Each structure stands twice: as C-alpha cells, then as structure tokens.
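Chain D: place on chain H using the hints.
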Amino acid sequence: MYDTSDIRKGLKIMIDGSPYTVVEFQFVKPGKGAAFTRTKMKNLLTGGVLERNLRSGERLEPADVETKTMQYLYADADSFVFMDTTTYDQVQIPRDTIGDSAGFMPENTNVEVLFFNGRAVGVTLPNFIEQAVVEADPGFRGDTATGATKPAKISTGASVNVPLFINVGDVIKIDTRTGQYLERLSRA
Amino acid sequence: MQATRPALEARGRIVRAVRAWFEREGFLEVSTPARVRSPGQEVHLDAIPAGQTGGDAHWLITSPEYHLKRLVADGLSPIFEICRCWRAEESGPHHRSEFTMLEWYRANAPLEVLAADCEALVAVAFQAAGRDPLAVGLAAPFTRTSVRELFARHAGFTLTGAETATELRAAAEGAGVAIGAATAWDDLFYQVFLDRIEPALARSGPTFVFDWPAPLGALARPNPRDPRVVERFELYAGGLELANAFGELTDPVEQRRRFEEEAQIRAARGKAVYPIDEALLAALPQMPPTAGIALGLDRLIMLATGAGDISEVQAFPGA
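Protein sequence lines, in the order shown, are assigned to chains H and D. Going left to right, the first sequence walks through residues 0 to 187 as numbering that gives the first Met the number 0 numbers them. Going left to right, the second sequence walks through residues 0 to 318 as numbering that gives the first Met the number 0 numbers them.
Looking at chain D on its own, in the form it has when it is part of the complex:
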C-alpha cells in the first residue's frame, strides 16, 4: 500500500493548516537534532543506531522531547516542532519505523489547555482534508475520563496505581484476563488495557484518558491531589492512539531516579542502554511548570482522511 496522489495532497494541506494554526496561537516553530547521544531512555522504545561522532555512539531520536524541554528551560515558550522520529522494529497498520511527530510545549499552562489544543487541531485537520468531523463522530468536545474509571467500567476491577505487580496480576486474572508470562507492572497493565480498554475506546467517540498510574509516569509529574497517579493524558480517536501529554516533571532528582531505573530494566532485558541526558537534568531546575505533548502527525492525517493504514498517508512507506 502507498499513498495516492489525493492522499498526499490532503497531507500537504493538513500540515500547512497545522503550521498556520500554531502560528495564529503565537507558537515559535523550532528544529532540534535528529541524531543524538541520548535518545529516549524508555524501556519499550528502541532507537536506531546512527554511527559515531567524536568516539560517541549516536542514535536517531525516538522523540524530540529532551531537546524541546531544554529550549523551554531556556525560556522559549510556546514552541512546536514537526520532525521525523524513528523507532526500531515497529511496523503495523498504525506503526512505521520512520514517522512524523508533532510536539508542542506550553510553559505555565495546565494539561487541560493541551486537550483543548488537540480538539482544535483535529478540527483544523478535518477542514484541510475537506471532511466534516461531525459526520464521523469526531467533533469537539471530546470525552474526558480517567484510567481508573475505564478499568472500573471495562475491566471490572479497581486500579488505584498503588498496587504491587502481584496484586495487579491477581486482579487481572480474577477479571478473566489471560495474562501469559507477564510479571512486570506495565506489561500486566497493558495486557488488561489491550484486552479490555482499547476495544471499548475504539467503539466510543474521541476520548482523553487522564490520570495514569504512577508506575507509567515516565516524564510526568505526580498529581498533587493524588500521588498514585501522574499528570498525563492520552487521546484516543477513531480507533487511533493519537497523542500523549504530560504535565512535565521538572524535579531533576526524581527524573534521574526514573532514568536510572529505566536503564536498569533495559540492561536486565538485554536492550541497549543509552547515556543519561545530563544536559536535560541540568536544565530541569530552570524549567517552569510546563505542559508538553507528542502527537503522531501521520495518525492525525489518517484520522482526517479516513485512512485505515498508516502507509496510505506516507509517500514511499516501504523505503
């Protein structure tokens, strides 16, 4: 499968309209390096090696977030970037190893502002594609819910975010989820999520899922009212996981602890361990409270054009 000419024309119009929207909102467009010494340390993202410079191994970015956070710490806000990212061994109807990411950051803004941004951008993309979001059930406002609420409704058990992996496994098995050999907290969580929650989300209208359990925090700050969850939302629309937003963690001590923990897990699983991004940790104390978000631009184009496979909106997807 490969993008048709009308699909590429729609893609061009959508990207232009998205840029114009950010300009109207007063954002600065920035460009950050694609080839870095410290790609994302996340356990389940694998960077593609990109040779050596000055004796240091380099990788292609899996997301531009580290550099963008450093720019915010330097006082640039609001900013956005549209760039290529690469993730090894990802290939499916919604995944390509090489894809286009749209990230934006707003200093001194709550997470909810990013949700409103998403609603506006989906409308902008539909308009550029010449389709009516109302006709396909994708008009704003989108539903707002929480991970806890979704588990209670669709998985049939209460997830607090404070349970141990053993307790989570018992609860999932009690609810009839086939767990396999999984023992890690996040693997157990996502087994339930894929079996029970995602099918329900695919059937419902566009939904922001807020308040993720603390073990899935990554770069998000704890919710001040309930530290068992973090300030994070994911947007699901039209069966696509469209965007992930964080109330950005700015505590360098906690961030270092999480990086080291992730590096240990990577090492234990025989994965490449990347150097910790010391420049990011050094910049965090200067960073104001910030909301940041990554949105899969190819997926937004899929949503707005009605494409069922990511290769339908990419030129030369098999290259």
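Looking at chain H on its own, in the form it has when it is part of the complex:
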C-alpha cells in the first residue's frame, strides 16, 4: 500500500476501482485541520481527469499497471496482434479496446501497450505518423486561402480532413492524438 507521502507525478493508484496516474499534486492544509494532498489524476482506462483531496496518512492501493513497448504486426477481423520487442511474445488485443486508434496504426510500428491486472487495456500510438493518402476527391490548386477541407482516407484506414490540394498518393503527417492533418511531406 501507498500513503499520501508517496504521491508524486506518475504514481499509479486505484481510486473507486479504476487505475489512475497522478498528473499534479499540491500540499494543502486548512488552518486548524489536517494536511491534505490536492491530487489531480488521469483515469488510465477512460482518460477522464479526477481531482481529489487526499488526507495525510490516507492509504492508497497501488494500481497493477505496466506499459510495454510492443510492435504492431497485423489485424484480423476481431483483434490486433502485437509482439513484445524483447521476448517476441505475441498478444491479441480486441478491436474494441483499440478504439479510434485502429485507423492510425501502421504495421510494424512500435506502440506503448498498457496492461492492467495483466490484461492489455489500451494502446498509445506515436504522436505523429506519416501515411499515404489512398482515397480523396481530386485536388485542385488556387484555393489555399480559404482553409476549406475535404475528407481523405489514409493507408491505415482512418479518414482525415485535409486541404483541398491533397491528392491520392501524397504522403501526409498526422497528429494521432487529435487525428488532425499537419502537413504534406511529399507529392504523388
């Protein structure tokens, strides 16, 4: 067990049955009361942020979580298959768990897989990926000022809003955290 004196950024603890990681913390002490640690935490399963005032000496259950760097190999109908880059063990993670990240995951890319109680529960992609456009309406010049966009499908499957001048075969850079187009790296 931890107590409040163990609180630091990145500490993984259980709150109301879910694993959280500490994002920020601060010592607070009301005039005549006990010391508390004002703690901002992120839910490792949902990403939701929670703030709690934890009284000094309050016991905190460690969350059994770990992250492993794994290489994404391929996907089948139900799941994605990853390989531990040190042991070469393979794990399957259901599509539902991968969620929206599925459309931004290039094969043979290293990702961070989060395990909770020994079970893979989430995948963190590299912040940026470079992918070719495989489907888009034809591009046209001359309309760069309006900021107008159109949907384009990238080779990993996601649909991304891109400027009108982008063509099939262009390689573009995408921020996987927001799903946003950043820039064109090369032309078809």
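Errors might be hidden in some of the hints.
As the list claims (entries may be wrong) - 30 Å max Cα-Cα, derived DSSO-like pairs, lysine-lysine:
| id | chain 1 | residue 1 | chain 2 | residue 2 |
| --- | --- | --- | --- | --- |
| 1 | H | Lys-8 | D | Lys-270 |
| 2 | H | Lys-172 | H | Lys-149 |
| 3 | H | Lys-39 | D | Lys-270 |
| 4 | H | Lys-67 | H | Lys-172 |
| 5 | H | Lys-31 | D | Lys-270 |
| 6 | H | Lys-11 | H | Lys-41 |
| 7 | H | Lys-11 | H | Lys-67 |
| 8 | H | Lys-31 | H | Lys-8 |
| 9 | H | Lys-39 | H | Lys-11 |
Read the hints as simulated data drawn from the structure, not as lab findings. A quick note: this is a predicted structure, and the numbers were derived from the prediction, not measured.
Relative to chain H, chain D alone:
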C-alpha cells in the same frame, strides 16, 4: 523559486507600513520567546524540537499565542507581535516550515473590530506595494458570512455544529463528497471544506467566515447566542487563507478540558504530546474578554504583491 529584489523591497515596505499602522492605532509591539516548553497543543500542528534546557525538552513555537495571552492577562493591551514561527512538515505554495506570523490582541473588543483591522491592513499592504486593491477586487468592505451559510450554499447540506461524526459523514456522503477513511469530526469537516467550500471561496472576493462549529473551537469561546458555534472567523482573500481570529476563551476549566482532549488525540495518533501550559491556565482568570488574531504575514505580502507562491516573498526560502 526565490524572492526577487523588487519582491524583497516590497516586503520591506509592507512590514514597515504594517508596524506604522499598529503604532497609529496605539498598539504596543512586544517580543515573546521562540523556544518554549509548551508549544501549541493543537492536533494538526507539529512543533520542531529545539533541544533541552534544565532537563526539559523545548520546541520552537508554532504561534506566539500562549505568551501573548499571558501579557494581555497581565494588563497589556492592545499588543502585537511580528515573529518567526515553525511548523514541521509543512511545505507547499502557501506553506513553509518557517514563516512570519503577525498576531495582535485587543482586550474588551468584539471580534468585529479585528475584521475591520484586517480590512485596513490589506489596504495598507497594497499601498506599500504600490498596487490598487480595487483593480484586483480586494477593496474593503469584505464579505461577511458564516460556516453554516457556506455549507448550505456550496456543500448542499445543513451543518449545525451539533451533529456527531457519524451524522456528518452521512450528510457529506449524501452530498456526494468522497470521504475516504476519515472518521474524526474535524477530518470529515475539512474534507467537505476543501472539496466544496474552499474552491468557492477562491472564486469569490475577500470573505470573513464567522461562527465555526464548536468541535473546531480550539481557543475560542462559545457564541453566547448559539453554543453550537464558537466566536471565530477566518479571512480568505485572493485564494489565500490569510488570518484566524478568536473571541478568546478565558475559562481555565474549559481550556484545560480542551488541552487534555487534544493531548489524548495526539497520543492516540502517535504524535508528540506537549506539557500543558500551566502558566497560561493560571493567567486566564485575570484575562479580560479579548479578541485575538493570527495573520500569515508572508501571505499578506503575497496578496499585496500578486505572488502565487510563498517562496516568491521569502529570502532564501529553501534554507
């Protein structure tokens, strides 16, 4: 972080202006011991040990209040002191183990006079810092409210001060406050206070919070009109807890009962138990009805200079 030269210059001007204000008001400045046999007995304040003299363990004061009350009992009033205090294991944006306290006492004065003093001192500090309190919403008059009113408005339940810890816990949980393992009355109270009340106070203008529940009485006398609360206010301003004032308890029997109760709680929690200050208890019967207050001088300087962290107004805060 460490105070810049302009911050230290502002600090110097503020301390000078505060002293000048007390002099104009007819106060006597006094100095009392920093190293004592009986530091504050409060459950949540831990004194720093300071060796032995004559076979007795000594501690650094957490507040000068016991000696100041003895001076008032001796007939000195109004008095003030600016001194260093030490509280073990306190460190954060608003806390340092070593800090500067400003305490003042007025015999035969109601608590409300101390509130007016606070309003005047905040104005004095702003003027010395060369800032306009009006521009940052800190001009007098400050709001006056009660703990009961704040709980009804921000915590969503009625707090009378007469409920048991079990009843308080049930009310807090009913209002959706996450309580954790707390069972003591004051821990439950402060969990609600930190979760619901303090954020609301941080958003509002400067506020005096009057009429604290009797279990949080410490050295305050019961309110004669409603004994479920005590004569105490706290001043919150700019997100800082600035000052705590008491209508001082002068009943030696009741004071001894509270000291013994606090000593028992300290012992039960494995904390150091300090000798009861018998000289203070002996002096209380001579003490006139008195209003006394402790104000964190570093925090007043933070408020007046706009500093967000106490280390920005202290020279060598990490020493």
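Comparing the hints with the structure gives:
Proposed proximity of Lys-8/H and Lys-270/D is supported: the alpha carbons are some 29 Å apart, at most 30 Å. Straight-line distance between C-alpha atoms of Lys-172/H and Lys-149/H comes to about 16 Å, which keeps the hinted pair within the 30 Å bound. Proposed proximity of Lys-39/H and Lys-270/D is supported: the alpha carbons are some 29 Å apart, at most 30 Å. Among the hinted pairs, Lys-67/H with Lys-172/H is consistent with the structure: their alpha-carbon atoms are about 25 Å apart, no more than 30 Å.
As the CA atoms of Lys-31/H and Lys-270/D are separated by approximately 16 Å, the hinted pair is consistent with the 30 Å bound. Restraint check: the Cα-Cα separation between Lys-11/H and Lys-41/H comes to about 9 Å, which is no more than 30 Å; the hinted pair holds. Under the criterion of a C-alpha separation no larger than 30 Å, the hint pairing Lys-11/H with Lys-67/H is consistent with the structure, at around 15 Å. Annotation: proposed proximity of Lys-31/H to Lys-8/H holds, straight-line Cα distance about 28 Å (limit 30 Å).
Straight-line distance between C-alpha atoms of Lys-39/H and Lys-11/H comes to about 12 Å, which keeps the hinted pair within the 30 Å bound.
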